[in-house]
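When you get a sec, could you build the whole thing from the sequences and use the hints?
Residues in the sequence shown are numbered consecutively from 1, following UniProt numbering.
Since the hints were derived computationally from the structure, they do not count as laboratory data. A portion of the hints provided could be inaccurate.
Unchecked claim - Pairs of lysine-lysine residues, derived as BS3-like cross-links and limited to a Cα-Cα distance of at most 30 Å, are as follows:
no. : residue 1 : residue 2
1   : Lys177    : Lys77
2   : Lys134    : Lys177
3   : Lys152    : Lys134
4   : Lys152    : Lys177
5   : Lys77     : Lys134
Claimed, not checked - Computed Cβ-Cβ distance ranges for the label pairs, DEER-style:
no. : residue 1 : residue 2 : range
6   : Met110    : Leu207    : 21 to 27 Å
7   : Arg22     : Thr679    : 57 to 63 Å
8   : Glu130    : Ser46     : 37 to 43 Å
Using N, Cα and C, we set each Cβ at its ideal position, and we do this for glycine too.
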Amino acid sequence: MTTDTPLLRVEDLRVELSGRDRTVHALDGVSFDLAPGEALGLVGESGSGKTMTALAVLGLLPGGGHVTSGRILLEGKDLAGAAEPVLRGVRGDTVGMVFQDPLTSLNPTMTIGDQVAEPLLLHRGARRAEARAKAEETLRMVGLPQPGERMKSYPHQLSGGMRQRVAIAMALVCEPKLLIADEPTTALDVTTQHQILELIGELRERLGMAMILVSHDLGVIARRVDRAAVMYGGKIAEQAPVRRLFAAPRHRYTEALFAALPSAAEAGRPLATIPGLPPALTTLPPGCRFAPRCAYATDECRTEPPPLAEEGEGHSFACFHPAEGTPGGATADGDGETRPGPGPGAGTGEPEPLLELVAVSKEYALRGGPFTRRRDRRPVSAVAGVSLTVRRGETFGIVGESGCGKSTLGRMAVGMEDPTGGTVRFGSRDVGSLGRAGLRAHRREVQLMFQDSYASMDPRMRVGTILREPLVIQGVGDRAAQDERIAGLLDDVGLPRGAVHRYPHEFSGGQRQRLGLARALALGPSLVVADEPVSALDVSVQAQILNLMRDLQREKGLSYLFISHDLAVVRYLADRVGVMYLGKLVETGPAAEVFGRPLHPYTRGLLETSTAGESGAGNGGADGAGNGDADGGEGGGGPLEGETPSAASPPSGCRFRTRCPLATDLCATTEPPPVEPHTPGHRVSCHFPLVPAA
Numbered sequence: 001m002t003t004d005t006p007l008l009r010v011e012d013l014r015v016e017l018s019g020r021d022r023t024v025h026a027l028d029g030v031s032f033d034l035a036p037g038e039a040l041g042l043v044g045e046s047g048s049g050k051t052m053t054a055l056a057v058l059g060l061l062p063g064g065g066h067v068t069s070g071r072i073l074l075e076g077k078d079l080a081g082a083a084e085p086v087l088r089g090v091r092g093d094t095v096g097m098v099f100q101d102p103l104t105s106l107n108p109t110m111t112i113g114d115q116v117a118e119p120l121l122l123h124r125g126a127r128r129a130e131a132r133a134k135a136e137e138t139l140r141m142v143g144l145p146q147p148g149e150r151m152k153s154y155p156h157q158l159s160g161g162m163r164q165r166v167a168i169a170m171a172l173v174c175e176p177k178l179l180i181a182d183e184p185t186t187a188l189d190v191t192t193q194h195q196i197l198e199l200i201g202e203l204r205e206r207l208g209m210a211m212i213l214v215s216h217d218l219g220v221i222a223r224r225v226d227r228a229a230v231m232y233g234g235k236i237a238e239q240a241p242v243r244r245l246f247a248a249p250r251h252r253y254t255e256a257l258f259a260a261l262p263s264a265a266e267a268g269r270p271l272a273t274i275p276g277l278p279p280a281l282t283t284l285p286p287g288c289r290f291a292p293r294c295a296y297a298t299d300e301c302r303t304e305p306p307p308l309a310e311e312g313e314g315h316s317f318a319c320f321h322p323a324e325g326t327p328g329g330a331t332a333d334g335d336g337e338t339r340p341g342p343g344p345g346a347g348t349g350e351p352e353p354l355l356e357l358v359a360v361s362k363e364y365a366l367r368g369g370p371f372t373r374r375r376d377r378r379p380v381s382a383v384a385g386v387s388l389t390v391r392r393g394e395t396f397g398i399v400g401e402s403g404c405g406k407s408t409l410g411r412m413a414v415g416m417e418d419p420t421g422g423t424v425r426f427g428s429r430d431v432g433s434l435g436r437a438g439l440r441a442h443r444r445e446v447q448l449m450f451q452d453s454y455a456s457m458d459p460r461m462r463v464g465t466i467l468r469e470p471l472v473i474q475g476v477g478d479r480a481a482q483d484e485r486i487a488g489l490l491d492d493v494g495l496p497r498g499a500v501h502r503y504p505h506e507f508s509g510g511q512r513q514r515l516g517l518a519r520a521l522a523l524g525p526s527l528v529v530a531d532e533p534v535s536a537l538d539v540s541v542q543a544q545i546l547n548l549m550r551d552l553q554r555e556k557g558l559s560y561l562f563i564s565h566d567l568a569v570v571r572y573l574a575d576r577v578g579v580m581y582l583g584k585l586v587e588t589g590p591a592a593e594v595f596g597r598p599l600h601p602y603t604r605g606l607l608e609t610s611t612a613g614e615s616g617a618g619n620g621g622a623d624g625a626g627n628g629d630a631d632g633g634e635g636g637g638g639p640l641e642g643e644t645p646s647a648a649s650p651p652s653g654c655r656f657r658t659r660c661p662l663a664t665d666l667c668a669t670t671e672p673p674p675v676e677p678h679t680p681g682h683r684v685s686c687h688f689p690l691v692p693a694a
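Right under this line is the structure:
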């Protein structure tokens, strides 16, 4: 329930970050109101000012940052120039904040109970016993399993989803009037993301909180807020009720963001991208800040700042040449065919197998402490009897929740992990039987592209040395030949040759991912295992990387084993897809079949979870995952519910049965074999496969 009196009013806010030799104009004239109980979404590319706006409200600007003008009125009190003691009284009490990475925002030396109780001790003067009781109650409210036991745990002992629930509990324990959530679900799988966002929504309604949700995920913004502000270059480019924004974007930047969604691509065509890079904000251009990247820019746009235009329903935008008011390619119902079309070799017979996994399993020994009984030290079943084939020139996508075994499968394909059972074949070779020299040669043909490109590079090495390293280890060419190879790699991934002299921290996230791809291609592999390569990238940068991967696949005949929790990305990029649950491959088939006509209740649940709640936004699938015709099948509908069982003690029979709406006694006693009930090549391991719609 909202009122006409704003809880938070930001007026013409300007923030600068002063360094030794430059000043960054981080925010320039940001203004918005937030009513009690209202949810506002801030969306835009990295560096647009989203997080800086949220941090400015709480006075948490980075070193050198200061408000140069404007006001931040919280319940009528200006926080822009408030003293630190006043701000400390607001943080965690009137305003709670959930940070992007809960592991780094939690204190590793304090137990969960002490951290959640701390705001009550500081702001409410509660006694320790009262604070701990309230902390346990709040942890139970946010859905943390066994909150009494978890109170004694440390952050590193919890999963990513559990840590995020703890961070939310810390933000809510004093029942604030405003919650600021900065990318609270980045890199979480679709079901954990859904649970966290549902939880925030339920608690916001229960406590009557207002919320500022910062996200680069347009689907999250579409489904979870009342109003959205699109930021670019430190300014708000467009602001509107979320239904209206997604139905009729007016600013050309907003239109371009929507066009870059995987769901916006036509079959067989690359994703739309936004050329160039966001402005550096060290020197402010005289005109529209989006003009250098805008296809509609004129001389007027480059010399004069566009005035703010007001339309009905609280819709405002600053653009001389606004869009016609139709979604920039974003599909309204998410059921359009968005895949890139047949991969190499389509129509010329089935390509030969390149990578084959035959009944592959991987177990890890669970070592307990000195007081753990031997019979309690059960192995963790990370992968259990998985068989799949990646053909030459194709992209095989692997999807599933966190902990399902996707990354372990990828590491076994590369040879970084030895399977406990089964066989990994690459071409005609059994990877498990290769000696040291054979494994070294295998790693020339199979390379890994990591999720966090920055963490996978040595920060003390220049880019030239990073790209040269695999060539030196494998003894490829002399120095002159290596230099030529490095220059060619940089050309392939669209980076300047001068990048060889720079360090990884001098590049943007998208540029570092290009470097990660260049390093994976250095030895001319046949297969690249890409493990969540675009999960934390903006939609525009994500589109550039996906287009680049497709182009290089066509040019070089590459195969990809593409691992992701983003269903929209996998649906766009993959020729075939496999769905994993708790170490098992439960469904495989052509991407269009699996996403449009799912046969396993778990696949159906993933699709329903990815689009749950979208009708509230009015865009019906802004995240692009879509569910095709999935809602026409029989049974098994609705978002996934319940917790994933432990891999140390998986359920008997079908491992999904504890969360399956169709489970019977048969599912508890007998593991379902893979079958092809309807379409050749579309396999499912289920006793009661869904009936696909016509």
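In rising order, the numbers of the hints this structure does not comply with: Going through the list in order, the structure violates no hint and respects every one.
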